[in-house]
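Place chain B on chain A using the hints.
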Amino acid sequence: MSTDTVLKRTPLFETYKKYGAKVIDFGGWGLPVQFSSILEEHEAVRNEAGLFDVSHMGEVLVEGKDAESYINYLVTNDVTKLQINQAQYTAMCYPDGGTVDDLLVYKLASEKYLLVINAANIEKDYEWMKQQAKGNVTLTNISADTAQLAIQGPKAEKILQKVTDTNLAEIGFFQFADHVTVSGISGVLVSRTGYTGEDGFELYLAADKVEALWERLLDAGKEDGLKPCGLGARDTLRFEARLALYGQELSSEIGPLEAGIGFAVKTNKESVFLGKEVLAKQKEEGLKRKIVGIEVTGRGIPRHGYKVFSEGGEEIGFITSGTHSPTLKKSLGLALLSAEFAAVGTQVKVEIRNKQIEAVVVKTPFYKKS
Amino acid sequence: MNTRVEGRIHMTNATANLLYSKEHEWVLSLGENRVRIGISGYAQHQLGDIVFVENPAEGDELTANETIGTIESVKAVSDIYSPVSGTVVSVNEELESAPETINEQPYDAGWLVEVELSNPEELEALLNEAEYQAFINEGEE
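Chains A and B, in that order, give the protein sequences. Heads up: the first sequence runs through residues 105 to 474, numbered per the working numbering. Heads up: the second sequence runs through residues 57 to 197, numbered per the working numbering.
Derived by calculation from the structure, the hints in this document are not laboratory data. Small disclaimer: the values here were computed from a predicted structure and weren't measured. Possibly wrong hints are sitting among the right ones.
Unchecked claim - Calculated pairs, PhoX-like style, for lysine-lysine (alpha carbon to alpha carbon, straight line, at most 25 angstroms):
1) A:Lys411 <-> A:Lys392
2) B:Lys78 <-> A:Lys434
3) B:Lys131 <-> A:Lys112
4) A:Lys473 <-> B:Lys131
5) A:Lys326 <-> A:Lys216
6) A:Lys326 <-> A:Lys266
7) A:Lys234 <-> A:Lys185
8) B:Lys131 <-> A:Lys122
9) B:Lys131 <-> A:Lys411
10) B:Lys78 <-> A:Lys433
11) A:Lys373 <-> A:Lys216
12) A:Lys434 <-> A:Lys473
Bound-form chain A, shown alone (with noise of 0.2 angstroms):
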């Protein structure tokens, strides 16, 4: 907890103090960790519902003419699907098939495209995506005026259609309404989507107005159990569904197919796109190394960058995400594993502290709701 380095603020810093939050270093951005406990809060938002400020998530607005044939050329999935007021999930590659980033795209408009990028990527996204700017439009990085809090769990409509007039039962999943009231706040943008493998919805909304919406929300949702939760139960939720984070499953060095987000990659779609012909091979001739579950049954905890190694001894991948699952109770970990030993049952090693300790290959999602 360095206070040498100037850590940046989401506008809801000065508020964690008052619920308790721990502040930690994520990526050059001071956040909290946790609140309470990282267990309580993940347990809340698989039973009941809880509360992130993730602010720090960039925001990118694309406009013009041609929006939509430039972002489908920057991105693997396939925008021309998209209708207005829905989002879909995509990768964004380097010709080569690495990750620069993975991020929402949503259609607020016919010429008008709102792209949600991770906190850390910012600069670089920016940077690439005017690079390969192309056509008549206009990118306006608009991260630090936007604020996004994201209410989680199965209370999670429940809580918010108590605040607000417009009828959530009516946005589907991947699906958003735009410049809704929330709790007298006006010009929200309310998605159906998420990153902890349960219901819920993103609100997007100007910064000087998301403490006002923080506070409303936790206290609409006292009586149903809402709680405030930190960056570290966000990390545990999002794992057990097996959604990547990019820095571990996704990255320069790892490309979508083999992060197993096959279906946010259209190689079919009739535009070029960047990364297509990489990809497009990958699948036709299969990959070499893919990630997949894994369970520890020895005693241990998998975690990022430890080395998995073949019963034979030959070393053959490493973690790319590990914890002690809190929904589970087990020690489960992602790994980044060659092809010829993915199969589900297959017996591996992970070495912790020089120790190689038993695993076996799992099915993922470790968790699906029901």
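Same frame as chain A, now just chain B:
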């Protein structure tokens, strides 16, 4: 941050006779040359929910200030440093299935190991409760 408050709460009663290391271990003298070792209330709070403990084994020889095991919370992996030198004579086996005991009772049921000291003079280098509290407060500012 409320860790300081928590630390104080944990440190009122049973903790007055403890010695502390700057690595946040506590040492309780059990008489003769035998001590019990654990981690402080402050340390467990900093770590968060503890989900895994790797203790040394009975009979292991420990050297002061060297790593003797690992504590993992949901988020973090932390080394345990021995505050003393000696031989492990007892290990808290309960922690294997219930590591959260360290969060719940860091000074009681959450102890780690008992050690037969080989160099009892090392105890003199450790902090008393007031010194340890001052050490924590310093780090918080």
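How the hints compare with the structure:
{"no.": "1", "hint": "A:Lys411 <-> A:Lys392", "verdict": "holds, 17 angstroms"}
{"no.": "2", "hint": "B:Lys78 <-> A:Lys434", "verdict": "violated, 33 angstroms"}
{"no.": "3", "hint": "B:Lys131 <-> A:Lys112", "verdict": "holds, 21 angstroms"}
{"no.": "4", "hint": "A:Lys473 <-> B:Lys131", "verdict": "holds, 23 angstroms"}
{"no.": "5", "hint": "A:Lys326 <-> A:Lys216", "verdict": "violated, 37 angstroms"}
{"no.": "6", "hint": "A:Lys326 <-> A:Lys266", "verdict": "holds, 12 angstroms"}
{"no.": "7", "hint": "A:Lys234 <-> A:Lys185", "verdict": "holds, 24 angstroms"}
{"no.": "8", "hint": "B:Lys131 <-> A:Lys122", "verdict": "holds, 23 angstroms"}
{"no.": "9", "hint": "B:Lys131 <-> A:Lys411", "verdict": "holds, 19 angstroms"}
{"no.": "10", "hint": "B:Lys78 <-> A:Lys433", "verdict": "violated, 32 angstroms"}
{"no.": "11", "hint": "A:Lys373 <-> A:Lys216", "verdict": "holds, 21 angstroms"}
{"no.": "12", "hint": "A:Lys434 <-> A:Lys473", "verdict": "holds, 17 angstroms"}
The earlier numbered hints that this structure contradicts are 2, 5 and 10.
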